[in-house]
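Guided by the hints, dock chains B and C onto chain A, whose structure is given.
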Amino acid sequence: MGETGTKPRELVAFSVGGQEFCIDVMLVREIRGWAPVTPLPHAPAYVRGLMNLRGTVLPIVDVGARLGLPDTETPLRRVIVVVWIDTQLVGLLVDAVLDILTVSPDALQPTPDVGCETIEPFVTAVLTVEERMVCLLALKNLLPEDDAQAA
Amino acid sequence: MSDAKTILTVDDSVTIREMLFAALSDLGYRVLQAVDGIDGLASLRDEEPDVIVTDINMPRLDGIGFIKHVRKDQRYCGTPILVLTTESDPDCKARAREAGATGWIQKPFDPAKLAEAIRRVTA
Amino acid sequence: MHTLPPEVLAPIKLVFFQECEELLGELETGLQALKNGDRDKEVVNTVFRAAHSIKGGAATFGLNALVHFSHTFENVLAKVRSEDIALNDELLSAMLRATDVLADLVRAERDGGNAAAIETNDLEEAFARYVAPEAIMQPSLAEFDDLEFTPVPAFEPPKENDWIIRFHPHADLYAKANEPLLLLRDLGRLGQARVILDDTGIPPLAELDPDGAYLGWTIALRSPAGEEAIRRVFEFVEGDCDLEVARGVLPASLFVPKRRAEDIKPLRDTKAPPSSAFKNPIQTIRVDTDRVEKLVNLVTELVIAQSMLTQRLSTYEHLDPGDELPLDEMHALTRDIQESVMAIRAQSVGFVFKRLSRVVREVETATGKQVSLVTHGEDTEVDRTVIERLADPLTHMIRNAIDHGIETPEERIAAGKPAKGTVHVTAAHRGGRIVIEISDDGRGIDRARVRAIAVERGVVSPGAELSDQDIDHLIFAPGFSTAATVSEISGRGVGLDVVKRGIQALGGRIAVTSEQGKGSTFALSLPLTLAVLDGMLVSVGGESLIVPLTSLLETIRPRTQDLRPAGPAALLMHYRGAYVPLIDLACVLGYRAQSLPPEKGVALIVEDDIGVSAGLLVDEILGQQQVVIKSLQANYRAVSGVAAATIMGDGRVALIVDVNAIIAAQRHKIPTLEKRAG
Chain A
1 MGETGTKPRE
11 LVAFSVGGQE
21 FCIDVMLVRE
31 IRGWAPVTPL
41 PHAPAYVRGL
51 MNLRGTVLPI
61 VDVGARLGLP
71 DTETPLRRVI
81 VVVWIDTQLV
91 GLLVDAVLDI
101 LTVSPDALQP
111 TPDVGCETIE
121 PFVTAVLTVE
131 ERMVCLLALK
141 NLLPEDDAQA
151 A
Chain B
1 MSDAKTILTV
11 DDSVTIREML
21 FAALSDLGYR
31 VLQAVDGIDG
41 LASLRDEEPD
51 VIVTDINMPR
61 LDGIGFIKHV
71 RKDQRYCGTP
81 ILVLTTESDP
91 DCKARAREAG
101 ATGWIQKPFD
111 PAKLAEAIRR
121 VTA
Chain C
1 MHTLPPEVLA
11 PIKLVFFQEC
21 EELLGELETG
31 LQALKNGDRD
41 KEVVNTVFRA
51 AHSIKGGAAT
61 FGLNALVHFS
71 HTFENVLAKV
81 RSEDIALNDE
91 LLSAMLRATD
101 VLADLVRAER
111 DGGNAAAIET
121 NDLEEAFARY
131 VAPEAIMQPS
141 LAEFDDLEFT
151 PVPAFEPPKE
161 NDWIIRFHPH
171 ADLYAKANEP
181 LLLLRDLGRL
191 GQARVILDDT
201 GIPPLAELDP
211 DGAYLGWTIA
221 LRSPAGEEAI
231 RRVFEFVEGD
241 CDLEVARGVL
251 PASLFVPKRR
261 AEDIKPLRDT
271 KAPPSSAFKN
281 PIQTIRVDTD
291 RVEKLVNLVT
301 ELVIAQSMLT
311 QRLSTYEHLD
321 PGDELPLDEM
331 HALTRDIQES
341 VMAIRAQSVG
351 FVFKRLSRVV
361 REVETATGKQ
371 VSLVTHGEDT
381 EVDRTVIERL
391 ADPLTHMIRN
401 AIDHGIETPE
411 ERIAAGKPAK
421 GTVHVTAAHR
431 GGRIVIEISD
441 DGRGIDRARV
451 RAIAVERGVV
461 SPGAELSDQD
471 IDHLIFAPGF
481 STAATVSEIS
491 GRGVGLDVVK
501 RGIQALGGRI
511 AVTSEQGKGS
521 TFALSLPLTL
531 AVLDGMLVSV
541 GGESLIVPLT
551 SLLETIRPRT
561 QDLRPAGPAA
571 LLMHYRGAYV
581 PLIDLACVLG
591 YRAQSLPPEK
601 GVALIVEDDI
611 GVSAGLLVDE
621 ILGQQQVVIK
631 SLQANYRAVS
641 GVAAATIMGD
651 GRVALIVDVN
661 AIIAAQRHKI
671 PTLEKRAG
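Just so you know, the sequences run in chain order A, B and C.
Going by this note's numbering, the first residue of the first sequence is number 1, and it counts up by one from there.
Going by this note's numbering, the first residue of the second sequence is number 1, and it counts up by one from there.
Going by this note's numbering, the first residue of the third sequence is number 1, and it counts up by one from there.
Some clues are possibly wrong.
[Stated by the list, open to error] With a straight-line cut-off of 25 Å between C-alpha atoms, the simulated DSS-like cross-links for lysine-lysine are:
id	chain 1	residue 1	chain 2	residue 2
1	C	K417	C	K518
2	C	K420	C	K518
3	C	K13	C	K354
4	C	K79	B	K93
5	B	K72	B	K93
6	A	K140	A	K7
7	C	K294	C	K13
8	C	K354	B	K5
9	B	K5	C	K294
10	B	K5	B	K113
11	B	K113	C	K13
12	B	K93	C	K294
13	C	K35	C	K79
14	C	K518	B	K68
15	C	K354	C	K420
16	B	K113	B	K72
17	B	K68	B	K5
18	B	K113	B	K93
[Claimed, not checked] To be clear about the criterion: a stretch of chain B counts as covered by chain C if any three or more of its residues have a C-beta under 8 Å from a C-beta of chain C, and this derived list gives those stretches:
id	segment
19	22-29
20	34-45
It is worth saying that the hints were derived from the structure and are not from the lab.
Ideal Cβ placement from N, Cα and C applies to all residues, glycine included.
Just chain A, same shape as in the assembly (with noise of 0.2 Å):
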């Protein structure tokens, strides 16, 4: 699945459980830091709760817990990635920031097949950035399905 299109593409760098990552700059609203979070009743381990963001409500996922990556010490993941999925607006909770990569879409290339099958769901593409490996994160799939409410 390589990229066609001529005009290059700016992307957000940052680093989970020790592996790299990188998301569409369009995508991404603002990045802050942790603030507390309200649990919800019943969601997975990775939807930790949801935080304030100057009056809007959002949800926080733990990207890290969600694609399965060992799970480093929690008071590390300090940083929100706050990014629009579809029409919600849903923040990342990752370690760090890294960069602002500017790479032409040939450079993204289509996932290997031999790699972790839990990871695979959440990434579309990879590319090499000074010889480390840095995913393509797929956004739609982190928030967990939509299931029918109860009552």
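Only chains B and C this time, still in chain A's reference frame:
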């Protein structure tokens, strides 16, 4: 129906007023009624309709006079005014236009014609 | 919709015949006055208008014989009015006879007689001598619409659908509120259009007359519609514009933009005098609802931020008394701003009430009952969000009041009441909410029947002791209907249970009082706005939650002696003669695995929208609060047991409990439960 538009209907015939009310309410309008030109001007003191529909032949102040007065009011420079015309008075359209009417609806009208005329003069 | 539906037309037709009687009276009086020598122009006008109005209404209903004759009569009167013919005794006598004939025609049409058989030839001949024959035309009937028909040429010229239209409005066009944009839009609907603006006529700013017309357009239109259809678009503005319609195509080079924004140099200084167009200040302005929404959101954020600040500052120990004053000021100002902004969205309930008269007419016609609708408090204002959701419940309740409450005229007379029933609808502000009452003077709730049906349907057990109030509130139970045959009106899929749920979804409550034989009164209580909710702040398993006050009946400290186990996992509490399940909120929401010993907590007795009660066990009550509702679904999805979220003064998100869902989930655990009616 959130912000329904308001229409002022001016006609001395209660039958026509009722017909207009029924048809315009169905189109989602909030309908104000007046029985002649004087009554119509009185309504305009308290309300600001988005569209005005008026008959021509009315006691006290007829449609032509009413329209002339309305057009003198700054608030209504851009408000569409439709007149109800009858085929038996061919130059009433011209007189109405001269007074400042935006368009017309020929009587007898049905809800579809009414809706079409309003559509033509409103966004 | 080509015509109004018959049930709407029928009452208007009755109104028409009534109006005809009045107009005939005016004709008679006016003509007599003219016969007696009165030559006042106004008398002639009145007589003319009377005939004109009769004709107009008759044409609407397609009463051909009446249309034809009144048309003839009207023509003569038009000539008299314009002084083309002079009045004389002979003419006046003919006109008086014509009035009689007209009356006969009206009554024949009204009573179903043979209007066509009424003799009109003599009078038509008499009038013909005064009026040129061609004036007596066939009036157009409702069927003859000005349907567009494009004349079909004998043979089709190949692909001649390209037109060039040149359109240059005059100032008059704008003065009559015609809009070029709408005309171009309508042209575009005929086919494919490309529009070129001609702005060469725009003078320098200093010479610009705001009422001038400087713009023109050239439109290349490809359409099978034909010249007549194209000209029809400009029908209303003929004479107020230069219009050319011709076949042809435009060279493609014309569609390149001539000037770019960068090429237009801003004027250095304009010596243009201040516009005198603002002589008369406008009293109202129209605002996009989106902008109002945005403003409302910003203001509510402001209120939250301000209360966060207040809370923060209240934790500082070194506050001077003087520090509080600016804070209080800010608090008061923010509250004022909030109220002013909410007021922008406020609308009078009268807006909804107006629709109710139509509902009354419909039900009157369908049931044969006679009802008069009286409204009070139309000016009572409520937020737009509530108004929109009020219309349906009110409509259903009016239908219900007439259909079930008001008796037929015969029954009413037999009961010593006036044949016409009355339904009062009143709105008022009370205690920070809006209260709407719908009361009728009908037969009241038949309690014996309601109770019988409830027992039959298993809603209550046969031996249950029920007060009158309890029985009255049974009518809100799901699927309840006392009508033997659900009438066409009320049976439109809406029982009072649906109405009640609708009201409760708005955060409102509904109650009924009734006196047999005298009538019933339904009272609705609604919040003034849907954006805000009154709630009880509680602590549950270390988290703060909000329980909506509208669901809350009472708070009590559970006593050991009132508790009873029910099955392995459930607990019941004795409360006012019944048993209600005691639900440990912390466990249900997953905040804590171990149940709290009930005696250590507080039970909030709540009720869901079908009247089932439960006790919600919480750690402690922290206070009452008014909170701004934030939807969970906006950025996440629905969560079972949670209705919405809010932001507290400390800046943290708090969840608002969904009482219905929590009770419903619990009922699965305790199948047999005595419902607390009401």
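inquiry  = Name the hints, by number, that the structure is in violation of.
reply    = Numbers 7, 12, 14, 16, 20 - these are the hints that the structure violates, sorted from lowest upward.
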